[in-house]
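Number of protein chains: 2
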Amino acid sequence: MPELRRDPIVGRWVIISTDRAHRPTDFRQVLPPAQAQPLCPLCPGNEAQTPPEILAYRANGGSPNSLGWSLRVVPNKFPALQIEGELDREGVGLYDRMNGVGAHEVIVESPDHKASLAGLPEKHLEDVFWAYRDRILDLRKDNRLRYILIFKNHGAAAGATLEHSHSQLIALPIVPTNVLNEIAGCREHFKDKERCIYCDIIRQEIEDRDRVVGENAEFVAIAPYAPRFPFEVWVLPKKHGSFFEESQKFQFEALARIFSDTLRRLDRMLGSPPYNFILHTSPLHERTSEFYHWHIEIMPKLTHVAGFEWGTGFYINPIPPEEAAAFLRDAEV
Amino acid sequence: MPELRRDPIVGRWVIISTDRAHRPTDFRQVLPPAQAQPLCPLCPGNEAQTPPEILAYRANGGSPNSLGWSLRVVPNKFPALQIEGELDREGVGLYDRMNGVGAHEVIVESPDHKASLAGLPEKHLEDVFWAYRDRILDLRKDNRLRYILIFKNHGAAAGATLEHSHSQLIALPIVPTNVLNEIAGCREHFKDKERCIYCDIIRQEIEDRDRVVGENAEFVAIAPYAPRFPFEVWVLPKKHGSFFEESQKFQFEALARIFSDTLRRLDRMLGSPPYNFILHTSPLHERTSEFYHWHIEIMPKLTHVAGFEWGTGFYINPIPPEEAAAFLRDAEV
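Taken in order, these protein sequences are the chains called A and E. Using the working numbering, the first residue of the first sequence is number 1, and each one after it goes up by one. Using the working numbering, the first residue of the second sequence is number 1, and each one after it goes up by one.
Because the hints were derived from the structure by calculation, they are not lab data. One should not assume that every hint holds.
Which copy is meant is left open, because identical chains are indistinguishable; a pair holds if it fits in one copy or across any two.
In the SDA-like style, the derived pairs of lysine to any residue whose C-alpha atoms are separated by at most 25 Å in a straight line are [as the list claims (entries may be wrong)]:
#1 K193 x R89
#2 K193 x G91
#3 K191 x L180
#4 K193 x S63
#5 K77 x E3
#6 K238 x R257
#7 K114 x D7
#8 K77 x T312
#9 K193 x E163
#10 K191 x N181
#11 K123 x L137
#12 K193 x G93
#13 K141 x L55
#14 K141 x M1
#15 K77 x D26
#16 K238 x F27
#17 K193 x E90
#18 K238 x G93
#19 K238 x H113
#20 K239 x L94
#21 K191 x R264
#22 K77 x R146
Produce the entire structure from the sequences given, and follow the hints as far as they go.
In C-alpha cells, the structure reads:
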C-alpha cells in the first residue's frame, strides 16, 4: 500500500509509492568518464577566461588571477543578477517588480578538472565550507541583500553546465518563497512548544536510528521522513544555530567529515549519481535565532522527472527513506 | 539589467535574466519523429494490456475494452495511489502519515499513436476536457478524496514515459501545499478588496495586451507577469468560476478553441516542444466560490533544468513574458 507522508516543517505531502517496485540498486548510474577539457574556463592556466577573482586560497601566496590556487571564487560570467546599482522597487498595476541587484558567484572547489567533491581530502572540503562562510560574511555587509543561496549542481542531469566541479552563490534582495515557508513552519512550532522543530527532529531521529545515514559528535545525516527524492539526505548540526556562517572551526571540521562520508556513500552505492545540494541558512537580517536551524539538503537526481512536480510541489518517491538510509549505511567507505 | 518579478498570487519571485542573451528562436526544438510501437499498451487492439477501462467515448457504441473508442480512461497500471481501503491517519512522533488511498488514472486522448494534442481537431480536444469533467464528477462523490490533480507530460523531457499522447489524473486525500498556497493568496486578496485576484489580472492583461497570446469570447491566454519558465502560458476563463467541472458546454467549446490555438502556436514557433500542463481547479469540498478562479498553466520544458529550482522554488527565466507573448502572437496558425 502506498503511503502519504507530511513534512512537519513546510507541510508538504509526499507519496511513498513502494508499489512501483523499485529496488535501491535499480538507481545505480553508469556514467561516461569525465573528459579533460583543455578549454575549461575553471582550470588553472585559464584564469583570464573568468571575470577577476573575488577570493582565492593560495597556500604559498601568489598574485590574484595567477596559478597556485587551491580554491577560487569568481563572478559568474553570465550572472543572473548584477552587483551594481541602487535597489529600485516599483508597482506595475497589480504587480511588483524590482531591478535585479544581487550577486552571482562561482566557487571553483579545486584546480583539478576531474576532481569531485566526494573525492577531495576532508581538509580540502573544509576549505570549500570556509569559502562559503567568507563570501557570506563579505556579502552580508551589503544592506541591499536579504538572502544568500548557496547550492551545487553536480552532473549534467542535475543542471551542471560546466564539468569542472563548482558550487554557486546567488545573493538576493528578497527572501525566496520556499525559505519564507520553511521559516514560517519553524516559527509556528516554536510558538506552540518553545522548541526548535529541527532540534526535535534530530532528537527523534537519533533515538529511532531508522533514518540515520551517518553521525559524528557535531552532525547527523538523515534520510528525512517525507523525502521528495530517492536517497535525499539532510546533514544537520546537532547544536542549534540559525546562521551557517557563525559556525565554529571544530564544526566546519566535523561538517567536512560527515559531508565527505555522505557523498562517498552515495557515490559508492549509486555509482556517482548526479545531485544538487542546497545550504539552508537564515535570511541575513531576520531574527530567527531561537527557532531556525541551518542545514544542508542533498538531493540525488535519479528518477525520470515528472515535470509537473515543478508546478505542483507534489512529489512521488518510490523509495521509503528507511530503506534508503539502510542501503547507504551499508556502503563500505 | 536583470529584473525581479513577484507573482501576485503565491508571492514567488522570479528573476527575468535577459542579460543571458537568449533569443526566443534559440529555444526551437529539433525532435526525432515519433516511432510507431506495435506493443504500445495505449493503442487500439491492445486494450487488454491496460486495467479494465473506467470510461470510454465510442461514437458507434461497442462493448467496454473493445475497439472503436475515440478516447479512453484506464487506471494507471503502476498507480501512485490505490482506490481500495479506508483512509487511515496516524501520528508517528513528530510526523504525520496516512495510507495512500486515492486514484491514478490515464486519459488516452486519441486512438492514434502519433497524434498530438495540438494536432487533434478542436471537437476531439473538447472531448478530452469532457473526459476530465466526467472523471472529476464521478470521483468527487468519494468523500475520502479532497483534491483532483489533472496534468499532462508531453515529451520525454517533460517526464512522459509513454509516447502515445495521454493525460493523467491523481485523486488525493489531501490538498497539495502549492494549491493551499495559491488559495491562501486568492483569499488574502479577496479579504482586502472583495474581488477575485485572477479577475483583476485578466482585466489588467486584456487592457495592457503586452502579455496576451490569444483571446476569444470566453477565454484569454496570457504569458504571466512572473513566469517560471520561458514561454509559460496560462489559459483563463474570463467568467469567474472556481470549479473546472462546473463549466458550461459553450465554455468547453471555447476552451478547446483557445487551447488548440495556444498549443499550435507553441508547436509552430518552438518546434513541438516538450511541455507540462496542469489544471488548477478548486479543492473538492472547500468554499472557494468567491475568490478562486480555475485555469490551466502550460509550461514548456525548454531550458536545461537547474536542479536546485526544485528545492528552492526559485526560478531564473531568460525570456521576458512580453517578448514570449509577442513571439507566440506572430505564429501563423
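query: Any hints this thing doesn't respect? Which numbers, in order?
result: When the structure is compared with the hints, numbers 4, 7, 9, 16, 19, 21 turn out to be violated.
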